[in-house]
Amino acid sequence: MKGGIATFWRHTGAPARIGLLAALLCCFLATFASAGEKSLKGVALIIGESKYQHIPVLPNPANDARDVAKMLTDLGFDARSVSDRDASKLKRDLERFIEDAEDADVAFLYYSGHGIEAGGENYLVPVDADVGSLTNADEALVPISAVLDELKSTVPVTILLLDACRTNPFPPDAKLRRKPTASASPLSAGGLEPVRGARALASAPDAADNLGTVIGFAAEPGQPALDGAAGENSPYAAAILRHLSAMQGTEFGSVMRMVTEEVYLDTKARQRPWTNESLRRLLYFGASVTEPTGDDGLITGERRQLLLTIADLPDPKRAQIELASAKDGVPLDALYGVLRAMGTDRIPEDPGELEKVLAQQSERLKKMFAERDALRTDDPEIKRLVASADTAVQQGAIVAARTFLDQAVARVEENSGAVDDAEEMIRQKRIADAAIYARRADASALVFDYKAAAGDYGKAFDLVEKWDEKLRWNYKNQQAEALNAYGTATGDNEAMEQAIGAYKVILNFIPNGEENRDWAIARNNMAVVIETVGEHDKDTARLKQAAEIFRASLAVFEREKDDINWAASQNNIGNVLMKVGERDSDPGQLRQAIDAFHAALEKRPRDKVPLDWASTQNNLGIALFGLSEREASPERLKEAENAYRQALEVYTREKEPVQWALVQNNLGNTLNALGVQANDPARFKEAADVFRAALEVRTRETFPLSWAATQLNLGNALYHSTRFDTDTGTLEDVVAAYDAALTVYTREKFPMEWASVRNNSGSIHQALGQRTRDTAEFEKSAAAFRDAATVYTRQDFPLDWAMTSYNLGNTLQLLGNLSEQPAHLEEAIAAYRDALGEYKRETTPKPWALVQSSLGATLQQLAMAKGDMQALHDSIAARRSSLEVLTKESAPTDWASTQNGIGMSLINLSSLERTPKYLDEAEMAFKASLEVYTRETAPIQWAFGLSNLGDVYWNKASFGDGGKPGYRKALDLFDKARQGFADSGYTLPIQLMDNKIELVKKQLAQK
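Using the numbering used here, the final residue of the sequence shown is 1535, and nothing's skipped along the way.
The hints are simulated quantities; they were obtained by calculation from the structure and are not laboratory data. Just so it is clear, CB atoms sit at the ideal spot from N, CA and C, and this is done for glycine as well. Keep in mind that a hint or two might mislead.
Calculated cross-link-like contacts (lysine-lysine; reagent style PhoX-like; alpha-carbon spacing at most 25 Å) [what the hints assert, rightly or not]:
{"hint": "1", "residue 1": "K1504", "residue 2": "K1529"}
{"hint": "2", "residue 1": "K884", "residue 2": "K911"}
{"hint": "3", "residue 1": "K617", "residue 2": "K707"}
{"hint": "4", "residue 1": "K619", "residue 2": "K579"}
{"hint": "5", "residue 1": "K796", "residue 2": "K884"}
{"hint": "6", "residue 1": "K884", "residue 2": "K855"}
{"hint": "7", "residue 1": "K1277", "residue 2": "K1107"}
{"hint": "8", "residue 1": "K1504", "residue 2": "K1492"}
{"hint": "9", "residue 1": "K855", "residue 2": "K1136"}
{"hint": "10", "residue 1": "K1455", "residue 2": "K1497"}
{"hint": "11", "residue 1": "K1497", "residue 2": "K1445"}
{"hint": "12", "residue 1": "K617", "residue 2": "K598"}
{"hint": "13", "residue 1": "K895", "residue 2": "K987"}
{"hint": "14", "residue 1": "K1072", "residue 2": "K1368"}
{"hint": "15", "residue 1": "K703", "residue 2": "K579"}
{"hint": "16", "residue 1": "K1492", "residue 2": "K1530"}
{"hint": "17", "residue 1": "K1072", "residue 2": "K884"}
Here are the in silico distance ranges between beta carbons for each label pair [said to hold, decoys possible]:
{"hint": "18", "residue 1": "R1369", "residue 2": "K1032", "range": "50 to 56 Å"}
{"hint": "19", "residue 1": "E891", "residue 2": "R1181", "range": "26 to 32 Å"}
{"hint": "20", "residue 1": "E1086", "residue 2": "G1257", "range": "54 to 60 Å"}
{"hint": "21", "residue 1": "E942", "residue 2": "K1032", "range": "51 to 57 Å"}
{"hint": "22", "residue 1": "P1493", "residue 2": "A1358", "range": "24 to 30 Å"}
{"hint": "23", "residue 1": "D934", "residue 2": "A1311", "range": "24 to 30 Å"}
{"hint": "24", "residue 1": "D1255", "residue 2": "V1137", "range": "48 to 54 Å"}
{"hint": "25", "residue 1": "L1516", "residue 2": "A1393", "range": "42 to 48 Å"}
{"hint": "26", "residue 1": "D1123", "residue 2": "G825", "range": "58 to 64 Å"}
{"hint": "27", "residue 1": "A1080", "residue 2": "E891", "range": "23 to 29 Å"}
{"hint": "28", "residue 1": "E881", "residue 2": "A1358", "range": "38 to 44 Å"}
{"hint": "29", "residue 1": "A887", "residue 2": "D628", "range": "54 to 60 Å"}
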């Protein structure tokens, strides 16, 4: 894409926790943090309502109450448990509890049962409640806020945990009245709301040494909670029972975060507790229950750290992990455990990279679970260790799992010498031993130790190579995948070459070189590695080799009628062809990529595989956009726009926010290009709006690389919109956007992206120089283009190098015109001719034509500076050649600019040769430009066009052709041009217009 004077551009394609205790409260029943000299008294009331008489029964609250009461007693509370209480008994229980709490330091109230919300009040529902209870709720039900008010006025610390967020047990249209004569309020559709009483407590009388309140809900406000399997505990109660015992030495806020994330994992993200607190001092408790030991202790300890890690993850990452878990059918716990083992500082910020990591590790997890039952061993200790490892993986304790498998491998190695000599016994032993190595390899891969994983898969292969054909294939294939993953992660080409070698070993297993489905899959996977290596090569030989292998695999999948793998191979072919096409001046590779994506879409119907279909539509849009930059026709851009809009019908912001933002970004680039072609301000505005929408998802904190790319593209759209104004404010905003992108795109880490931003920055400083007539801005522009050329070298990136040379030529042309130094014009001409060394009419027609047009303009300026008529003839020839490609239909703005330039050269030639013979052609050229430059769409260019046309009539009259009517026509055009500049706010040419008008009037007066 282009801007300025045809400048080319580069593009870069958890529920809320309200004050979650913040390290304010720690373990049970000891002393306040600042005191240390007195013991605390804690009282607890535990309520479980199960046997409802008139509304749905809840099987688990009685179990919850019993188990929580025992735990709190073990922790040192004076705990009392009550179950299945009617309204009168429940209120007496609470009154007694309030009395018991008067001399206590901590009051702990736990409720499990039905709960409802209406009119800003939450109510506990006794077992005798029915629909009639709703007409006198203050008597028949139990409002929570009054209980909290009384406790807060007497007890330093109040803790209220409500496992009562079940769905509304009453009819959906039922309404509640606090008293029979009070107004009615509708019931909340699902669950309790934040306790309004917590706000009311602010005005209630406080105890003299009140330290605050903790209120916990089993689910988020307004959301129902799960009751759990009958006869067990609810998810919330189960999490409390598991983790409150962790309070010995752990602050209460961390424990409650563990509880929150335990429920979140246990319910597969369907339920997440919510906690509100207002504590003002650290509170420690001392007594603790018995903690798990041995394998269970190791797993539980790591799981608790995992839960705290999950609590700190941002919502976008959670959403992406949840999606991967649901899509691939692997436990959410295990996926989070994998990322924790990776290290939170190493989790990819880019959503695309995170998606790759999740997909790779999901496959490994699925394989581990699928092969679990295949493991056979007669060693009970190995059985125990493997079972513990399986449990650890399920719980997300990946490091513990690897520890158990390390011990299992040690056991295998310890007993390897005792294998029976019988061949069948040896076979079974080798297969069992190989399975242990493979299992440890799986665990190593889950913590991203791909090198260790490859080594263990290799050992497993060595053990089974002569015993089991299927297993030797699997282990060698897994070794190849691990080597590829290690090479990709570290840039180790030797590892990737080893992966290619491993695939060649697999291909040797196929008898008689048969080209069957297994052969095609192995070759396809090998080509993926070759493609990865080829991306870093300076030439395209490896990429082309990968494409040929994909095509050979494609033929097999077609013969086998394997549509899924066939479509995947087509996608692989399309991606390789795009990578080759980006480096090749011949657009044929891009056209072939487009054909490959179209073919893939035929096997990826939207109604059956919508996400795959949308992904291919996006890839198709990228290829069409790339081809549009090589061709002069706008049709490719319109096709790209259509592909992106179809993808967005599947990728919605609600369901697929990351992919939605990616396609929005790509769509914005296409709209920007369409705006340039049609000189349409509406397209630029739409592009800017699309980029801003994408930035609502692509935040700098969550997706810094994507944020920088979209900031760059937004800057491009804003820049192009400045052609319709005359100030510098928007241009300065664009400079700020590019500078922001460079805070992420450093040359050291992202040289290609850095060069792209520097190229575009050069165009912005070029535009600022035009508007301010400040040579310093042109110097900045030239420096930026030269910076970009240090990355875009002619040898490695010939087309990008040509683009940067062209842009540099534009800046030098403008600088030479402003400074009146012909040397700058000569440098510009040299830069244009460099660009034409790579841009060819046959392969890159539009860039070739734009460079020819700019070369013509510079030759004109140099001719006028030196009085060189031959240079003027060369200028006209260059511009006319560009019009063979730049048509009014395909590139109206560039066509009009070139027509205007031809007219200028013809007027200059007429003046130098002192002849009117070129003026009719000049008149035709200026009038042609005004077919595009209208007062409404391009007012400044329109005014210049009128001024130039006035010069034609003035010159004709001066040569005696046209007489007084010619002078009057010139005056009329100059006057209209002057008014056009004034109306546009562009005052710089107005004095020139006044001078012309005065001179013409003097000449007319002499006639």
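Self-check item: Range hint compliance [Cβ, E891 to R1181, 26 to 32 Å]
Solution: holds, 28 Å
Quiz prompt | C-beta pair D1123, G825: status relative to the range 58 to 64 Å that was hinted | solution = holds, 60 Å
Quiz item: Are K617 and K707 close enough, with their CA atoms no more than 25 Å apart?
Solution: Measuring from Cα to Cα gives roughly 20 Å; hence the hint holds.
Quiz item: Straight-line Cα separation of K1497 and K1445 no greater than 25 Å?
Solution: Holds, at about 19 Å.
Quiz item: Measuring from beta carbon to beta carbon, are L1516 and A1393 in 42 to 48 Å?
Solution: violated, 21 Å
Self-check item: Assessment of proposed distance window 24 to 30 Å (beta carbons of D934, A1311)
Solution: violated, 57 Å
Quiz item: Is the straight-line distance between the alpha-carbon of K703 and that of K579 25 Å or less?
Solution: holds, 24 Å
Quiz prompt | Pairwise hint evaluation, K1107 against K1277, where the allowed Cα distance is 25 Å at most | solution = holds, 21 Å
Exercise. For the range 38 to 44 Å, tell me whether the beta carbons of E881 and A1358 fit it or not.
Key: holds, 42 Å
Quiz item: Do A1080 and E891 keep their Cβ atoms within the hinted range of 23 to 29 Å?
Solution: Holds: the Cβ-Cβ distance is about 24 Å, inside 23 to 29 Å.
Quiz item: Is 54 to 60 Å right for how far apart the beta carbons of A887 and D628 are?
Solution: Roughly 56 Å apart at Cβ, these two residues keep to the hinted range, so it holds.
Quiz item: Between K855 and K1136, does the CA-CA distance stay at or below 25 Å?
Solution: holds, 15 Å
This entry does not satisfy hints 2, 18, 21, 22, 23 and 25, going by the numbered hints stated previously.
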